[in-house]
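*Asks:* Each protein sequence line maps, in turn, to chains A and B. Going by my numbering, the first sequence opens with residue 1, and the numbers climb by one from there. Going by my numbering, the second sequence opens with residue 1001, and the numbers climb by one from there.
One or more of the hints may lead you astray.
Said to hold, decoys possible - Going by beta-carbon spacing under 7 Å, a handful of chain A positions derived as facing chain B:
# : residue
1 : Val-259
2 : Ile-261
3 : Glu-332
4 : Gln-351
5 : Val-366
6 : Ile-411
7 : Ala-486
Since the hints were made in silico from the structure, they are not lab data. Ideal Cβ placement from N, Cα and C applies to all residues, glycine included.
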Amino acid sequence: MSLRRLSPVSVLAKASIMSIWKSRTRSLLALFACLLAVLGSFGTAMAHDGAEGHAHGAIHLHADGRRAPVELTQQGDSLAGTFTIENKGDGPLKVTRVALRDSADDPRLPPGVTVELEGGKTTATIEPNQSLKATVKWHPSGKAKELYGQVIVESDAVSLGADEPGRPAAIGIHAELGYGLGFIGEHILSILTFLPLLGVIAIFIAHLAGYNDDKKLRTLTVIIQGINLLLACWLYYKFDSSFTKADGNDGYQFIEHGVWIRSLHIEYFMGVDGVSISMVFLTALISFVGALASFSVNDQLKGYFAMYNLLVTGMYGVFVSLDLFMFYVFWEVMLLPMYFLIGIWGGPRRQYAAIKFFLYTLAGSVFMLLAFIWFYLNCDPTYLIDGQAVTRTFSIPELMRVAWASKGLTILSLSAVKVAWVWLFVGFAIKIPMFPFHTWLPDAHVEAPTAISVILAGVLLKMGTYGIMRINMTLLPEATQWAAGAMAIFGVINILYGAFCAMAQKDLKKLVAYSSVSHMGFTLLALGAMTPQGIQACMVQMFNHGLITGMLFTLVGVVYDRVHTRDIDKFGGLATEMPLYTAFVGFAFMASLGLPGLSGFWGEAMTFLGAFPRYRALTVLAATGVIVTAAYHLWALQRMFLGKFREEWRKNKYLEPFGGKFPEINFRELATIAPLAVLVLVLGFWPRPLLKLIDKGAMEIHRIVDAPGRAQIAATDAAHKGVVAQGDASHED
Amino acid sequence: MDNVQSLKYLAPELALIAAILAIIAWDLIAKGKAKITGIVGLAGAALVFSGGYGLNALLSKAEPLTLFYGLLAADRFSNLFRVVFAFVTAVVLVFSIPSDETPKESAELDAEDAPKDTALTKVRRDPGEFFALLLVLTLGMNLMASSRNLLMIYLSLEIVSVISFVMAGLKFQDKKSSEAALKYVVYGGVASGIMLYGMSWIFGLTQSLYLGECAQRIAQLTTEQGKVPAVVFVGTVCMLAGFGYKISAAPFHMWTPDVYEGAPTPVTAFLSVGPKAAGFAVLVRFFWDALGAAEMPIVKGVPVDTPWPVIAGCLAMATMTVGNLSALGQENVKRMLAYSSIAHAGYMLLGFSVFSEQGVASMVFYVVTYCFMNLGAFLVVAAVAEQNGGDETLGAFKGLGRRAPLVAAVMTVFLISLTGLPPMAGFVGKFYLFSALISKGGTWNWAVAVVGVLNSVISLFYYARVMRSMYLEKSESTSPTQVRRLFGAASIALAVPTLVLGIYWGPLYDFVLGSLSMVR
């Protein structure tokens, strides 16, 4: 009994003792932990003191006379520059290695660059407040005319100001051999981009100053675009089309590279390669032609030309930017001027068309922005161009080095590369425009004034395909392979759907607009194929389509300016009234339907060549589209220009000043069309200059994006086993 | 720190109080033109002192302190907001300076039909009271940003609320203005009642009004229960009603459009920026300081999910979407901007919902950029309405591109920035918000980010409507519109930073990022 009564008590007592014990241990443990913490902090403080007192120095790199980068200057037959490694700490600094940020299988620098410490040492110890010089030398032996890179200095101290600890310090190096033209040559891309912006500022100042002679602004704009065209010709002339990644600078030429926003790691980074050079040239050409075509605008000229020049700045910017943030800024900068240009100076339904264009493009580009941020946040550590160690970057060549697919990241629980690819692609596809995102295009084209239609079709649509090549394909090749089939299918839908829609149009401008949808389908099919011919075909088609639609829209503008209608069925027999105009329309239509001997042929033919090995059925389907294309062009030609002239036109009020006759195409209009027509004809017979220009760029994209097929791998294996004596059966490039 | 010592660190607020009293006195003494000059001078001096004090404290890296035995914090966070509030109030001060002479036409108009009047001439009988009240509001906001005590939070919030009610009703003969004030009072009363109720839950649980002590107790309970205690959850949600009302987050936003439309435009501009920023400041401090929301509580070595990110994310998504969708159909530009300000509160909540330092930095940076663009947009509305007999509808903006090209261009800059397109400050702000969300990652944050960017697209539509009115539509009159020189200059002064910060914002962001530390 007593035992029974006792036992709970004893249990209780035990429990209480235990709990006391436990709490005591706990408090003891806490005390111990506190002690440890204090000791630890003391210890770290000691260690910190120690770091300052004994073990470590603090490394600081600076170029002579400035912080960074190191400018190499001509010394004899080579270029050289020095920088200083300074120990700003209290202890000695051990420099273990000074090396270029470069490697044989991942070339960043052109050949012939060396770096060495003062006195030819490989390692050195620098006492506190002492410094050591290092020399960078460049024996320019390759094709590169300039040099952008970093020198890495490994030491027992970490770089100051780096995002994360443990990164060796680095400093940027830069050299210019010059392309000629001095300052202009060195900064050609910036000048091309921002010269039109200067025009905007000039117009703004003219407005503030109360300048009223608005007609002069036309001349100003033509002059600005003319200068740009000349500069672009020079750029074309100086561009080394055989320049590849192996020649350094990541395969880019005419580079401009600096830090823009340091805390966000945004760089001011421009450059051209085989992918963008043709587009830069096209932009120069089309914006010049557009400036000439703008002479038919008579209202609010200050606003018009300010917006026009701003738009041109945006276009150049997109094609030369190599930093995603910059790319995005230029991409969006184009939207507002386009909105106003369509909305203020457009046709009757301009307001609707303008906002539709704006909303569609913005809807695509915000997702693009999300994808860009994703790239930015998940990339590998790298260095800014002046040598600051960073964990994040927007730089396209750096992002190309990241193996995105093998990171295994997810967005919304889906494979991140696929989601990012789709987001980017939708943003670009809206611009192309790809079915089913194309509905803004006919509206925008029909309502826009002639010059703006020319720009829109000539350059803006190409930004979509350019973006796919520059960003989707090069940054996310695995996802591109995953989606290539879909791209090709949408391309074929575009070709056929656009062609059939064009056939149904009564409005000549709408017909041309839908023909654009159809023709841009070829670029998608070609990209989907990913073969070297396919990617070349895409670029060729982009360039030629720019020339041809530029011509077509100008020609539509000619007839619209005369009688303020574009209804195909209202015309007839115009060939007798305007023979020269008819000839040009015939020429442009033939080019557009892909007549051999004119440039339009090459894009289509090469697309079929490139796509056939991959997508036989689709290519055959696409080829039937060519028949439809021929049909609507010829039919429109017949309805407008052949047959009997309608006599009721004689009483048309718009023709009264001309005595009831259609005035023939005038000199300014001819001047607008002529450069395009000449190029169409020349490239039709001799496409070599264009092909040579884009060749290396296309090969590079193909190399990145097109994984070797099963057959090729088998062939390589066979070659290794010695079954095939000539081991390069699989050689692709 | 004890009360007497603390006074030294309260100098900006004391200066404001002194200025308020001086303005009231000057208002009684002075006559004629000197009156308004003196008042504006006094108010301006107090604001410059307040902002300058804050800036100086930030630049000199002053030690963070708690004042009045822990009632208030004097840290970088509160000093940053002191600067912001001083700036906002100063801009509104410029806004509110009445025109020297009433335009002739409108004077004649006055004689014919009295009720039709411009916003500013009818606002008040005496300018003194307006400026005094404005400074009281600033005082309240300063206190809001530095409160570290539940009661102090409540009191400072009420100072701001009550004065806001009065200011909303300043157009004393205007029915809309009176309606606005009344609505504001009713909503405000309900919201603060709920908030007070929530505070009582928190107090009941933690037995303390001091945020720091609340935090310790809540952390302890969280560890013991393995999750955030239900009481804390209920209390916080109730308190969110009060905070949400201040920042006009859905579903506590109902008062916003009516008040913004009815109140005099300078007041609207002020309400849309100042108290909203203060609301965010107190919201952040409460969640960081009292709930420790920035770190996940760790129970037995495993981090436990808190409900806060999801609540804040839902709040953000609802606020953005409601604001943007409601703004689509508005004809009155002021009312449209009211809804847009709700949407912007939603964007800012995006940064808040991440509960990371980067998130708060992006939020505060957005607040700063938002100050420029939103104040600027309201300023243009005020300027245009003044020239159109108080007409604030889209009709008043018709053909402005021809009639007043510079004002229209400046307005376009603000609208583009509000939409979030580069190269404007608003884009940079949004960029930081979205990158804060994405860097936190996870399906939830990605979903919120997607909703956020879609909202950006929606917002384009209604901002573009104003641009359409200005540029794409023609007005009946083609005579040039002359806005007051002061307004023109002020709007350009706001447009320049909106543009410049879109191109080069590095130093400002670094400054904001370095000014977020709070007393814990």
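*Asks:* The structure should be examined with respect to each hint, and the outcome stated for every one.
*Replies:* Verification of the supplied hints:
1. Val-259: Violated, because the Cβ-Cβ distance from Val-259 of chain A to chain B comes to roughly 9 Å (cut-off 7 Å).
2. Ile-261: Holds: closest Cβ of chain B sits about 5 Å from Ile-261 of chain A, inside 7 Å.
3. Glu-332: holds, 5 Å
4. Gln-351: Holds: closest Cβ of chain B sits about 5 Å from Gln-351 of chain A, inside 7 Å.
5. Val-366: This hint holds: Val-366 of chain A lies near chain B, its Cβ roughly 4 Å from the closest one there, short of 7 Å.
6. Ile-411: holds, 5 Å
7. Ala-486: Violated: closest Cβ of chain B sits about 21 Å from Ala-486 of chain A, beyond 7 Å.
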